[in-house]
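Line by line, the protein sequences give chains A and B.
Letter by letter, the first sequence follows residues 1 to 477 of the numbering used here.
Letter by letter, the second sequence follows residues 478 to 723 of the numbering used here.
Hints are supplied without guarantee of correctness; some may be wrong.
[As the list claims (entries may be wrong)] Covered by chain B, according to a simulated footprint, are these stretches of chain A (three or more residues, beta-carbon under 8 angstroms):
(1) 370 to 383
(2) 393 to 400
[Unchecked claim] One side of the interface only, derived from the structure: several residues of chain A facing chain B at Cβ under 7 angstroms:
(3) 338
(4) 340
(5) 386
(6) 388
(7) 390
[To be verified] To list a few chain A residues with every Cβ distance to chain B over 12 angstroms, as calculated:
(8) 90
(9) 95
(10) 317
(11) 405
(12) 461
Hints were generated in silico from the structure; no laboratory data involved.
Predicted model only: the values in this text are computed from it and were never measured.
Quick reminder that beta carbons are idealized off the backbone N, C-alpha and C, glycines included.
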Amino acid sequence: MLRWLLLLVLLSAGCARPQGVQVGSKSFTESVVLGEILCDQLKMRSIPAEHRAQLGGTRVLWEALLAGSIDAYPEYTGTLTQEILHQPQMEVQELRKTLANQGVGMTPSLGFNNTYALGMRAERARQLGLTKMSQLKHHPELRFGFGHEFLRRQDGWPRIQSVYSLPQKQVAGTDHDLAYEALVSGQLDVMEVYTTDAEIEHYGLVLLEDDLSAFPRYDAVVLYRLEKQALLQTPLEELAGRLDRQGMARLNQQVRLQQRSEAQVAAAWLGLDQPESPGLGTRLWRSTGEHLRLVGISLAIACLIGLPLGMLCHARAGVARPVLGFVGLVQTIPSLALLVFLLPWSGLGPRTAILALSLYALFPIVQGTYHGLQTIPGALRESAEALGLSAQSRWLRVDLPLALPAIVHGLQTAAVIAVGTATLAALIGAGGYGEPILTGVRLARTDLLLEGAVPSAVMALLVQWAFGRWQQSLRRA
Amino acid sequence: MSMTLLQLEAVSKSYGERLILDRISLKLAPGQTIALIGSSGSGKSTLLRLINGLIPPDSGRVIFQGRALEGDQNYDYRRQMGYVLQEGGLFPHLTIEENLGLLARDQGWNSRAILERVMDLIGLLRLPNDCLSRYPGQLSGGQRQRASIARALFLSPPLLLLDEPLGALDPPVRRQLQDELKELFRQLQCGVVLVTHDLAEAAHFAHSICLLEAGRLVDQGSFADLVERSSCSFQAMLHSHRALPC
Chain A
1 MLRWLLLLVL LSAGCARPQG VQVGSKSFTE SVVLGEILCD QLKMRSIPAE HRAQLGGTRV
61 LWEALLAGSI DAYPEYTGTL TQEILHQPQM EVQELRKTLA NQGVGMTPSL GFNNTYALGM
121 RAERARQLGL TKMSQLKHHP ELRFGFGHEF LRRQDGWPRI QSVYSLPQKQ VAGTDHDLAY
181 EALVSGQLDV MEVYTTDAEI EHYGLVLLED DLSAFPRYDA VVLYRLEKQA LLQTPLEELA
241 GRLDRQGMAR LNQQVRLQQR SEAQVAAAWL GLDQPESPGL GTRLWRSTGE HLRLVGISLA
301 IACLIGLPLG MLCHARAGVA RPVLGFVGLV QTIPSLALLV FLLPWSGLGP RTAILALSLY
361 ALFPIVQGTY HGLQTIPGAL RESAEALGLS AQSRWLRVDL PLALPAIVHG LQTAAVIAVG
421 TATLAALIGA GGYGEPILTG VRLARTDLLL EGAVPSAVMA LLVQWAFGRW QQSLRRA
Chain B
478 MSMTLLQLEA VSKSYGERLI LDRISLKLAP GQTIALIGSS GSGKSTLLRL INGLIPPDSG
538 RVIFQGRALE GDQNYDYRRQ MGYVLQEGGL FPHLTIEENL GLLARDQGWN SRAILERVMD
598 LIGLLRLPND CLSRYPGQLS GGQRQRASIA RALFLSPPLL LLDEPLGALD PPVRRQLQDE
658 LKELFRQLQC GVVLVTHDLA EAAHFAHSIC LLEAGRLVDQ GSFADLVERS SCSFQAMLHS
718 HRALPC
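Just chain B, with the same shape it has in the complex (with noise of 0.2 angstroms):
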């Protein structure tokens, strides 16, 4: 079996004449936390959409478990993957027992599989009990946040994508989320892509950081490596952050 889960080949991207991604190529074990970092506009969640198959790569592969994205009708392959968005992407329509259980709903699951499945996972993200029966709206914004990554996990993918999950939070908030994420993730045992364009975020859960600017990976590796490597790219990037971890 392959030791690789993600693997983009020289993946490039443009709209219309605007170069979004420049042939990016990176890998992502099982297990594994890949972080996507870079300022707005340098393409981070471009990449992510193509990961997912929302949007097709004008050259270049994307390989999910050995096979390759084809054509833009890839529920399957999108289901794979769970897939969180910056402010949650909860339908404020539904319930969030309805939102969680969605998509295992249109797979034919009873609701009996759905219930339980749902109470694991609401016990795993510790969220109350009783907000399953409320609407988005009702809840905290950490708890919205709780409940869309319950919501990605529900058919246990192999590989999360993350776009800025945490970026709406409050410090204090966000700080006890990202621990228990890490562990959360350690646990699980899934790969996850993380789009953040914090540093300190990236530093405290990806095994590999990818640097991104104007659409090119500059940098890759390791917070470590990447501290002693010390290129200009991350240079720039850390007088952007005034705060570093540790």
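If we strip away everything but chain A, and leave its shape as in the complex, we get (with noise of 0.2 angstroms):
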């Protein structure tokens, strides 16, 4: 075992350390292209620079930023108001300031407002001459589709309700994709959108004017820390005012529905030559390696302590249940609240990700280590004893081996379900077969979710079979 132990140890050392500017970006296109174009922009300005791409919410990159994991993302005015500062009323000047006390500084908009608008066809808009959203109130007839979460927030249905006195009764919570659908196909009038979203040239729809301006702003910004100000400022403000509501839907309608990568697309913005992307192989060779290696070191970790634990348990009686209660109920955590809950320690990336691992596996290998050893036959124990046998040479040459299958057991659990829990590794940086399913739910591309979610099962189901083998061949007596 101590073989094992070792090589995963050795697997580990291959992992790389974070190099140059640091870009993060949230886990939707918008914000994965932003992140590629911040880091082209910086390499042409000769700044070595690299992505941390759809690392999770805001406050997860927020965070980030603060604790310094990232140097630079994109966000947008409205979010830092209403969601981080909880101020929606603060003014540019204010907001510039109150962030710069955090050490945060924030490049003018990019030159677009991504906010919420109310989209129709084109046509229906033309046949009831429709421009503004002043115009809804007379037409009570028209039927709304609204996300779940647009019904319910502050700035969202409620304020235009008031603000329009809007008397429309048919008003259908539903979810965004399907709400396009159901638009185009003429079972809904009017949707809300997000002013860049690619559907909207793709499917030829009208935005209606804010004419009243009831949706806060969320102009594109970007953040970064104010200790790289020197370096980050010129090169991220030269890109302010670039980039107007159309040319982003463009470049996200290029990634949705063009299915090409996001760094390509910035690459062509940019006018710059064109990455190739790399093919299915490299790219499952590249998530493979990365899995391996959070399933690996968390688990070397894991045994670390977790096997020392239980045999503090076996010793000491009065330790077990405290022991199997704290390790129990690290279990029972949800794996994302316990990621987020580690970033502010940790940082992003693999090293948060494979302490939640390791934690994630110390239950099973505690609870095997004591169930194997708690179940060694008294008779046995005691021939060991009567034999002569030093205290030492019964640890190893019997309690250890005899407690083995039990703990090679808890090990095989362990590694079953950091192998599955390592994929939401992804979410904070850490790679692994995660990051092909993130960018397949959030493109919502069947092949890109399949090439995480295949090999992860199949890695699952190695692992169970690998560990099977080593149970068996110790059960030889």
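Assembling the complex is the task here: the two chains are given apart, and the hints tell you how they should meet.
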């Protein structure tokens, strides 16, 4: 078993350290495209940069920026005032000052405002002569369909309903992507869109003007750490004002509907040579390596902690209950919550993922070790003692080998859990099979989903099989 | 040199309120066999553990080769005694060869010396050569007991402690092993403390039989002595055994 542990630790030696400016992006297409653009822009100014793509939601990126895990990421002014600072009325100047107090710099707007808008089929809008939202109150017969979040949000439906005194009664809550289908097929007349949605141009929708300014502004900006101001401010501000709403929508469309990679789209927009996107084999090879490293290192760590803990539980009767209770409790923390919880301490990337995975692997290992040692028949213990074997020999040649099948069983459970849970590591930029899954979910592309899900399932089965074989070989007697 | 290999001086042991052994005294000369006989719960296995130093006595002394047993880290002391449990106590994860050589390996013997001794012992206990690479679970009950006795004899201990070593065997196998072992003990000239609940077995092996009853040594002597004295305890023991030897 020691050999296995060594192998796992050796694998960990290959774990890459981040180099250059770390650019982050959230888990949706526009953010990833912008992240690529920021990265390319920095590289064009000879600043080495690395894109930590689709790291998760606002909270993750903001904490990562404050903690210095990333140096810059694209954000929206509305998100800053509403979600992060909780001061919806804040003006841009004040916002800039508040951010500076936290060591964060903000570029001027990149040139577009990605806010909510109400969209209609062009033909239907023309038919009714609609161009502005204030005209909607004269058409109570219109059927509205909104995303569930928009229906609830204070700056969503409740706000426009009161600002524009809207009388419509037919308001359906629906999934955002399905709403497009319903709108195009004529089952809905009006839906909410993000102004840079790729589908707007694709389906030829018109957006009604928010003439009473009911929606907050969500100007796209870049946030960066002020300690790197000298390096980052100039190249990032060069991007200001260069990307308008239609331009951004087109970039989104190229990724979402034409299935080009974000890197290609970003490079094309900046006029750079378009990078070759790596083939399936290369991608699989890379994600398999990352996934194996995550699982291997975390299992090794969990063994180093879990085995002695299990032994301690066995040796000291009073310790077993609290220790098993605690590691069992850790097991019940939802993985996403644990990742976000660990983020401020250990930052983005494999480190946090490995820490979380190790914590999850602890319970089966501690329990397996404890159970294995507890169930050694008393006659065999007595036999070892009566022979006159030294305490060390008894431990190494009798107790541990006899407990080994149960320990390996615990390891098997831990490993299978780790392989599955490691797919979530992509949320915090740790790579692995989760990355294609995340991209697949984001772009609604089954091929990418399968590219992550299938090898992850195969790896889980292989791990199960391998540990099963190991157990079998131990059950000779 | 003292002619006493093992001596118990008024040894008592209780677990909580329960008195398991009550002032037991006995002596064993080298090459002699003592059988401890009694119903279950009479304290005979506890007495064996106590001799082996697995548990300390509450009062009294265990003296082995002139040295009183002290403390509970008695590895050296235990290596001077071979110990065989009813089920043999062979380790299921080790082959017979590994089981036999375990203690010698712990003592730093080289593998050549170990192998030589292993071959001697399987010859002595009439085990087939091919059993060496097998695991205990792959042997018959009789072979397992032979192997565990071989393991107990590995370091040529002057004393053997046998806790119902033949108890789990079928009668024919058992009878054969009894004959062989008696001859073996005579050849090796080692002292033997044999725990059994079978009077016939005790009579077969032992120079001296100790009758235990609820932790007390109620009668002691050769089988002939016991028959002659015919104490109440011995009568009771006889009644519980339908078949007598000879």
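Comparing the hints with the structure gives:
1. Only residues whose beta carbon comes within less than 8 angstroms of a beta carbon in chain B count, and the segment 370 to 383 of chain A has 4; three or more means the coverage holds.
2. Given a C-beta distance limit of less than 8 angstroms, the hint that chain B covers the segment 393 to 400 of chain A holds, as 3 residues qualify and 3 suffice.
3. Residue-level restraint check for residue 338 (chain A) is violated (minimum Cβ-Cβ distance to chain B is 37 angstroms; threshold 7 angstroms).
4. Interface hint status for residue 340 (chain A): violated, as the beta-carbon distance to the closest one in chain B is roughly 44 angstroms, over 7 angstroms.
5. About 4 angstroms separates the beta-carbon of residue 386 (chain A) from the nearest beta-carbon of chain B, less than 7 angstroms, and the hint is met.
6. Taken as an interface hint, residue 388 (chain A) checks out: its beta carbon lies about 3 angstroms from the nearest beta carbon of chain B, inside 7 angstroms.
7. Interface restraint check: residue 390 (chain A) against chain B, minimum CB-CB distance 6 angstroms, threshold 7 angstroms, status holds.
8. For residue 90 (chain A), the requirement that its beta carbon stay farther than 12 angstroms from each beta carbon of chain B is met, with the minimum near 69 angstroms.
9. Distance check for residue 95 (chain A) against chain B: the nearest CB is about 68 angstroms away, which clears 12 angstroms, and the non-interface claim stands.
10. Taking the minimum C-beta to C-beta distance to chain B, about 18 angstroms, the non-interface status of residue 317 (chain A) holds against the 12 angstroms cut.
11. The claim that residue 405 (chain A) lies off the interface is violated: its Cβ sits roughly 9 angstroms from the closest Cβ of chain B, which falls inside the 12 angstroms cut-off.
12. Taking the minimum C-beta to C-beta distance to chain B, about 28 angstroms, the non-interface status of residue 461 (chain A) holds against the 12 angstroms cut.
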